[in-house]
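Trainee: Going line by line, the protein sequences match chains C and H. According to the numbering used here, the first sequence is numbered sequentially starting from 1. According to the numbering used here, the second sequence is numbered sequentially starting from 217.
Treat the hints with caution; some may be incorrect.
Stated by the list, open to error - Partial list, computed: chain C residues near chain H (C-beta under 8 Å):
(1) Gly-49
(2) Val-103
(3) Gly-137
(4) Met-185
Keep in mind that the hints were calculated from the coordinates and are not lab data. Glycine is no exception: its CB is placed at the ideal position from the N, C-alpha and C atoms.
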Amino acid sequence: MLEIKNLKKSFSGRVILDNMNVTVKDREVLSIVGPSGAGKTTLLRCITGLEKADSGEFLIDGQAFNPQGTDTSDSVIGVVFQDFNLFPHLSVFDNITLAPTMVLKKDKNEAKAEAENLLAELGLKGKGDLYPFQLSGGQKQRVAIARALAMHPKILCYDEPTSALDPNLRREVEKLILGLKQDGMTQLVVTHDMEFAKNIADDILEVSSLDKLNQK
Amino acid sequence: MSLSYISEILPSLFQGASLTLQLFFWTLIGSLPLGIVVSLGLTSNIKPIRWVLDFYVWLMRGTPLLLQLIFVFYGLPIIGVVFQRYDAAVFAFILNYGAYFAEIFRGGLQSIDNGQYESARVLRLSYWQTIRKIVIPQVVKIVLPSVGNEVINLVKDSSLVYVIGLGDLLRAGNVATSRDVTLVPLLLVGIIYLILVGICTYLLHKVEQRYSYYK
């Protein structure tokens with residue numbers, strides 16, 4: 001279970017998030033929705049350690065962790081970016097196995113075998129030797145998911161998973177996320193698409209803009 | 217243009233070409249790593265480092281290479297730094313080309329999308345792992361055409377060393393031309409430069425092909 005308590009974040013005096021509390025229960029999907037500019041992505045970036053929160057507590061299974069930490073015990077969050085951010089010069093296999101071999105010091109063959117399993121589960125069997133530019137948008141997203149899962153995160157976060165894809169792929173993404181949920185993955189999905197959020201989420205958190213508060 | 221005359225002057229031209237090639241290789245061996253290091257400094261957040269390196273790049277690109285050669289060989293001895301002619305040439309060329317390469321690499325570094333760094337960060341790669349495995353391989357592909365341009369320039373720029381009395385390919389041709397009152401040696405010099413540049417172009421093309429496996 002992921003808990004975030006009293007998170008506060010401001011950029012040059014402008015408060016974006018204040019007194020924010022988030023809880024994601026094990027094996028559940030939490031959707032974070034809200035209008036653009038409300039701070040959904042900032043919230044996600046604080047949780048994933050890409051932005052430093054001004055204050056707040058981060059707990060995983062009751063244990064505090066530092067999202068910006070470099071310790072392996074801090075490595076609890078996996079991220080699937082909006083534009084996937086795959087490494088274009090590396091094959092699908094190398095995209096997935098780079099961090100496990102370099103960071104977790106896993107054996108190359110072991111990492112590759114694991115990557116093969118992940119690809120098979122995500123319907124990408126036999127695509128391991130291709131490069132990102134040879135994949136469709138939906139395939140790239142699944143490679144990004146495989147890359148994140150290969151680090152064995154306790155929770156997987158998505159930033160706007162539908163916005164870089166064809167609208168008709170939305171159903172596919174829903175199935176993908178619900179499939180991972182059945183496998184026991186805890187997931188946090190930031191989206192502006194309310195219908196999509198309702199279809200996948202056990203719980204929905206609405207973030208509203210603090211601009212009014214700022215004007216006071 | 218008799219064959220016997222050509223075979224008579226070719227050895228001296230080849231000797232000149234050998235100096236040209238040596239200068240070419242030593243300059244590349246020195247200036248490419250220098251350029252990488254300087255470019256990392258130029259993009260760093262530490263302002264004093266950037267100021268010093270900006271000044272260096274400005275100085276090297278802002279004055280003619282010919283002038284720099286003269287200063288290194290004739291000027292530095294005034295403050296007690298004495299170079300042999302050949303060493304002076306290599307030194308001046310490395311400093312000059314290092315600055316141009318640094319600017320090319322800086323452009324490459326800045327064209328890497330921030331998302332690549334963020335991906336690497338959430339996967340817990342360290343700074344140097346990110347530079348080595350993610351950034352440099354992509355930068356190399358981006359900068360290859362521009363680096364190739366400089367490499368080809370270098371083949372011909374090496375002829376500037378005549379100013380400090382070194383006997384390179386062009387000078388060897390010049391000597392033969394004024395001695396024998398014929399343009400044949402200079403014609404041959406032109407052909408040899410074309411062959412050298414042709415080989416460079418071919419090799420650069422091969423390297424670019426090796427990096428064309430992804431888009």
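Trainee: Next step is simple, just say for each hint if it's right about the structure.
Mentor: Hint by hint, here is what the structure shows:
no., hint, verdict
1, Gly-49, "holds (7 Å)"
2, Val-103, "holds (5 Å)"
3, Gly-137, "violated (15 Å)"
4, Met-185, "violated (16 Å)"
In terms of the numbered hints stated before, the structure departs from hints 3, 4, listed from lowest to highest.
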